Amino acid sequence: MFGDPIYRDGVDWGDVALMGFKVLLAFVFLLVATMFMVWFERKVVGDMQNRIGPNVAGPWGLLQTFADGVKFFFKEDLKPANSDPLIFRLAPYLSAVTAFVAFAIVPVGGVFREGEIDTGTVTLFGKETYLQVADPPIGILLLLAVSSIAVYGVMLAGWASGSKYPLLGSVRASAQAISYEAALGLSVVAVVLLAGTLSTHGIVAEQAGGLRSWFWLATGVVPFGVFLIAATAELNRPPFDLVEAEQELVGGFHTEYSSIRFALFFLAEFMNVITMSAIMVTLFFGGPAGPIFFGLDWLWPTVWFFAKVLVFLFVFVWFRATLPRLRYDQLMHLGWKVLIPMMLGWLLVFAAIRQHRLDNVDTAVAIVVGLVLAIGATALLMAAFSAGDRAYERENTIKDEVGG
Amino acid sequence: MIAQNIAFGIIATVTAVSAVLMVTTRNVVHAALYLVAVLASLGALYVLLTAEFVATTQFLVYIGAVMVLFLFGVMLTRAPGGETQSLTATSWPVAFGVAAILAGALTWALLDQFGSDELSENPVVFRTADVGDEIFSTYLIAFEAASVLLLAALIGAIVLARKD
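Residue numbers (the numbering used here), protein chains in the order written: chain A, 1 to 404; chain B, 1 to 164.
Read the hints as simulated data drawn from the structure, not as lab findings. Remember, it's a predicted structure, so these values are computed and weren't measured experimentally. Using N, Cα and C, we set each Cβ at its ideal position, and we do this for glycine too. Keep in mind that a hint or two might mislead.
Cβ-to-Cβ under 7 Å is the rule here; a few derived chain A residues that face chain B [as the list claims (entries may be wrong)]: (1) L141; (2) S148; (3) I375.
Full structure from sequences and hints, please.
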């Protein structure tokens, strides 16, 4: 069956109320989680750099973010004279709202069992439903659509500020986001090919049935690695945080922002980290799947889900604490010349393997043909790269001779 | 049905107002943003027609790629502020005439073709998967031709941009 079982027998007011409850729950959860994510990041980075980190507000500094938030509210809201008033106000909301929306498609709980037709449902207030805000037929495409809208927040913020550093920062940000969206989308394609559905719920259901049902080889190595790198770039997190490279751009696209508008950008950034971690768990690590030990059946999947998300949150913080920032040309090189060709090649090989299983071709033949094709494609690509490099060098030497 | 009609009214109004504002505003970045609003409300209309896949494609391609590049160019080439007095061309009556004729022809064609159709009592549910099946079976040649055309345009753009 397709879609949330709650809609199967028409929609009454109870269903609407339940949906409202789910939306509210997701909203509050994301806000609170963001609060603790900021604390977590500061604390872990502090530990990794042999510092103490926030420790004054509340026990272990837990309330530090809350205090910062309150402070942001009472700060003066500056607006540069050169700015575009309407767009300057609009941009932070574009960032923050899109950060919330993408989380809607993540299944955060429900017992998924292998081979069951209607798996992964929970009963809330006497109604059977999925534990996710929405399960649209387009599923994971919603993430890509939303992340393409999120570009607008950063881009408009930089432009509307009416000064050059924010504009440069936002130009970098949008170029980076567009470049890495391609790699992100391609790595999602591998998962969708394997699961045979776009629906996030369907993807999790395909992976139900323990560790052996996770797509270890097919998507666990190359697509997952590409997704992780592309997601980090998409989030503008270190080592890809050229958007706000302090040494080069003052503060990047939000240089001119202050008070609660700045806080909204901050909120969006950390919220996107949480959402991306949740999406990664959903696509590659079985979502809420995990062993159920004792007692409350419905509680364990949610616990597993959050445990897995926490691992990725730590990974993102770890990246920040250890990796130096890339140069801009290195960033573009990695995105266009490494990640995208790698993912395209993997998709070709992967699609060929899927097809030979459907057509009952001999496995050995398929592997040999696949390898030959892969090597040929790589050789072509390398030839193209070296031709490009030679052309670039030739151009530069001519320029040097003319200039010198 | 009533809820759908109300939603259609709201979205259609937003679309029409944004479209008018897009051609009347003097700020070129604002014009681009109104165009984004028009495209987004068209996407909303597709959702209203339960064509989620078309709606997502609209968002991904038009709003996520085309308009971003558009804004990109405008922001980098225009002075901060984006205010342009010469944005309204002197030949606007001609453009208005062409637009009116086009709108009239489209309306007439639609009414002539579908004007007397009625929604069936048991509508066929057409899912995203069905769209995929159709593209890769019935319309495969058209799809591949469009892909090759786009690839050619892409390579052509790079060749043109590099020859400076």
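So, as I understand it, the hint says A:S148 touches chain B; can you test that by seeing if any CB pair is closer than 7 Å? holds (3 Å)
Does the closest beta carbon of chain B sit nearer than 7 Å to the beta carbon of A:L141? holds (5 Å)
Hey, does the A:I375 contact hint survive, CB to chain B under 7 Å? violated (23 Å)
In this structure, the one hint that does not hold is number 3.
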